[in-house]
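Peer 1: Order-wise, the sequence lines are chains A and B. Counting from 1179, one number per residue, gives the positions in the first sequence under our numbering. Counting from 636, one number per residue, gives the positions in the second sequence under our numbering.
FYI, nobody ran anything at the bench for these hints, they're computed from the structure. Cβ coordinates follow ideal geometry from the N, Cα and C atoms, glycine included. There may be inaccurate statements among the hints.
[Said to hold, decoys possible] To spell it out: a stretch of chain A is covered by chain B in this simulated footprint if at least three of its residues, at any positions, have a beta carbon under 8 angstroms from a beta carbon of chain B; those stretches are:
#1 1267-1279
#2 1282-1288
#3 1326-1333
[Claimed, not checked] Here are the computed distance ranges between Cβ atoms for each label pair:
#4 A/G1313 / B/G898: 53 to 59 angstroms
#5 A/H1264 / B/G918: 25 to 31 angstroms
#6 B/V687 / A/Y1309: 22 to 28 angstroms
#7 B/S681 / A/N1343: 29 to 35 angstroms
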Amino acid sequence: MSASLVATEALTMTYAGGVTALADLTVDVRSGVTGLVGANGAGKSTLLKILLGLLEPTSGSVHVLGLDARGEGPAIRERVGYMPEHDCLPPDVSATEFCVHLGRMSGLPTTAARERTADVLRHVGLYEERYRPMGGYSTGMKQRVKLAQALVHDPDLVLLDEPTNGLDPAGRDDMLDLIRRIGSDFGISAVVTSHLLGELERTCDAVVVIDGGRLLRQSSTADVTAETPVVAVEVDGDPSPLAARLAEAGVEVEARGRLLHVDVADPAAYDVVRDACAELGLGLVRMERQRHRMVEVFSS
Amino acid sequence: MSEQAPAGAIHDIGYRHYDGPRLGASYVRRSLFVDTARGAFGLGRSGRSKVVPFVLLAVMCGPAVVMGIVTGYFNLPTLPLGYTEYSFALQVAVVIFLGSQAPVAVSRDLRFRVAPLYFSRPISREQYVQAKYAGLATALFLLLALPVLLLFVGALLAELPLDDQLGGLARGLAGSAVLALVLAGIGLVIAALTPRRGLGVAAVVGVLLVSAGVQGIVRGLAEEFGNDTLAGYAGLLNPFTLVDGVVAGPFGGDSVLGTPPTGPAMGAVFAMTAAAVVMASYGILLLRFRRSL
Chain A
1179 MSASLVATEA LTMTYAGGVT ALADLTVDVR SGVTGLVGAN GAGKSTLLKI LLGLLEPTSG
1239 SVHVLGLDAR GEGPAIRERV GYMPEHDCLP PDVSATEFCV HLGRMSGLPT TAARERTADV
1299 LRHVGLYEER YRPMGGYSTG MKQRVKLAQA LVHDPDLVLL DEPTNGLDPA GRDDMLDLIR
1359 RIGSDFGISA VVTSHLLGEL ERTCDAVVVI DGGRLLRQSS TADVTAETPV VAVEVDGDPS
1419 PLAARLAEAG VEVEARGRLL HVDVADPAAY DVVRDACAEL GLGLVRMERQ RHRMVEVFSS
Chain B
636 MSEQAPAGAI HDIGYRHYDG PRLGASYVRR SLFVDTARGA FGLGRSGRSK VVPFVLLAVM
696 CGPAVVMGIV TGYFNLPTLP LGYTEYSFAL QVAVVIFLGS QAPVAVSRDL RFRVAPLYFS
756 RPISREQYVQ AKYAGLATAL FLLLALPVLL LFVGALLAEL PLDDQLGGLA RGLAGSAVLA
816 LVLAGIGLVI AALTPRRGLG VAAVVGVLLV SAGVQGIVRG LAEEFGNDTL AGYAGLLNPF
876 TLVDGVVAGP FGGDSVLGTP PTGPAMGAVF AMTAAAVVMA SYGILLLRFR RSL
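Sequences and hints are given; from them, build the entire structure.
Peer 2: Have a look at this one:
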């Protein structure tokens, strides 16, 4: 639907010690939220540094927002926000002071930096506490400030390195919601790294999977999580007679706890399920089309 | 009656994009320079962090004011302490200022890993180091030059002949500039290598005290053995005596020391050493920050 925001071609990065961090990597990231998945050491952080123009790749080409990352780094960094994985907040400064300062460091005039800081901190969900020193913040609040400083200069693209790290499940959900809003409401594209596929499938429009510096797979989330020809059937009561009846009728069925997974490649199977339930006097609670999970795709 | 929103209501107007100016790397470097120089005096920081720098500034300026008054009151023919001698005499205050403020300029960015946030912005590592170095050097220059200017004002009010004073003032200001550059470099390097809290202060003060001691011992021994050349070169071992040698040599002033460096060759060595210290400090800082992010 749009031009590519990040395009690498045959990107290779070999460190001085002979360690190859990226090998022949060709990816094409378009607008929206893109997940960058890989185990620790897969080359995610190296890729982000190259995208920011802070590391010179050994060979290959890399363009961010249409600018060449080799040589146009400052122009890229003016339009890109970066949220590091590690702690980066001085404890004796308030979130407001911190974000105003970093807004200026992105090239905003001081008054504009103040206005943007107030806006952005509100959007990430920091209110009265933004005037207090950050040393007293919870992990969730710290992550919000880290996100806010990446957004303070209204970038076209943000690079978020493991934004859910160290958060409890509720905080994780909040952060993922925020990232989704960055993409949908703010209209800012994002590249989000994670080693958790489940998170990305809920948040991202597309995923890039790298392993050992190589591209394993690149596709849209919709492709990966497409519908499967399997329906989960839930009935009130014991499902085992139903399973037996369906097997008799020649329908492939698999018991998964209280659910039955029924193969509906042949649509006639729907009728078989309905009739079997009626004959056994079972209440049919739901029939739900199953989707692929990202984990299945990448582990196979 | 028309419906009106209550005053002060907060409306969620959604995300607003910024389409104002983006001022680029040189604006960023200038802002960081100004912030660093102001920060060294605690400006833009908490009220508590203003105490130490301003007390030290008062310590530096107080004697200059008193000397000006005394000179005028007793009609002394010269200032009790020359323009170039002044900072040498009050070097403890300068060392404490450097020890307390050099870590503020660089250690925090390393300790709390804020540095990567700068480098993910338009500014380059070189520009970052230049801004920090220039910022702290400017703050030190203000600390050193303000009392020199006060001495000059005192001398004028005491109606000392202007011609005699101008040369000394120029040398005093030039010496302050060189000393500020040398000290800022040394202080920043030590602070950047000791990012742990409190350690930077101790390290900066410690290194400068030890170097002053070593310089004194070498000089004393050399004088004892009648080797005035070696005694002259001993001044290279401490930033204050190093700059004293530059002031006495290339700047044509008087040394504070009993056995000063003599001759143009020695003067050149002092000047080159001062330049080398500044360049080496800049280089080491660049290497140190290349490692972050």
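Peer 1: Has the stretch 1282-1288 of chain A got at least three residues whose CB is nearer than 8 angstroms to a CB belonging to chain B?
Peer 2: holds (count 6)
Peer 1: Taking 53 to 59 angstroms as the hint, is the beta-carbon distance of A/G1313 and B/G898 inside that range?
Peer 2: holds (56 angstroms)
Peer 1: With respect to the beta-carbon atoms only, verify the hint that B/V687 and A/Y1309 lie 22 to 28 angstroms apart.
Peer 2: holds (25 angstroms)
Peer 1: Taking 8 angstroms as the C-beta cutoff, is the stated coverage of the stretch 1326-1333 of chain A by chain B satisfied by three or more residues?
Peer 2: holds (count 3)
Peer 1: Would you say the C-beta atoms of B/S681 and A/N1343 sit inside 29 to 35 angstroms of each other?
Peer 2: Hint holds: Cβ distance 30 angstroms, inside 29 to 35 angstroms.
Peer 1: May I ask you to test the hint 25 to 31 angstroms on the CB atoms belonging to A/H1264 and B/G918?
Peer 2: holds (27 angstroms)
Peer 1: At a Cβ distance under 8 angstroms, does chain B reach at least three residues of the stretch 1267-1279 of chain A?
Peer 2: This one holds; 5 residues, not fewer than the three required, reach chain B with a Cβ under 8 angstroms.
In terms of the numbered hints stated before, the structure departs from none.
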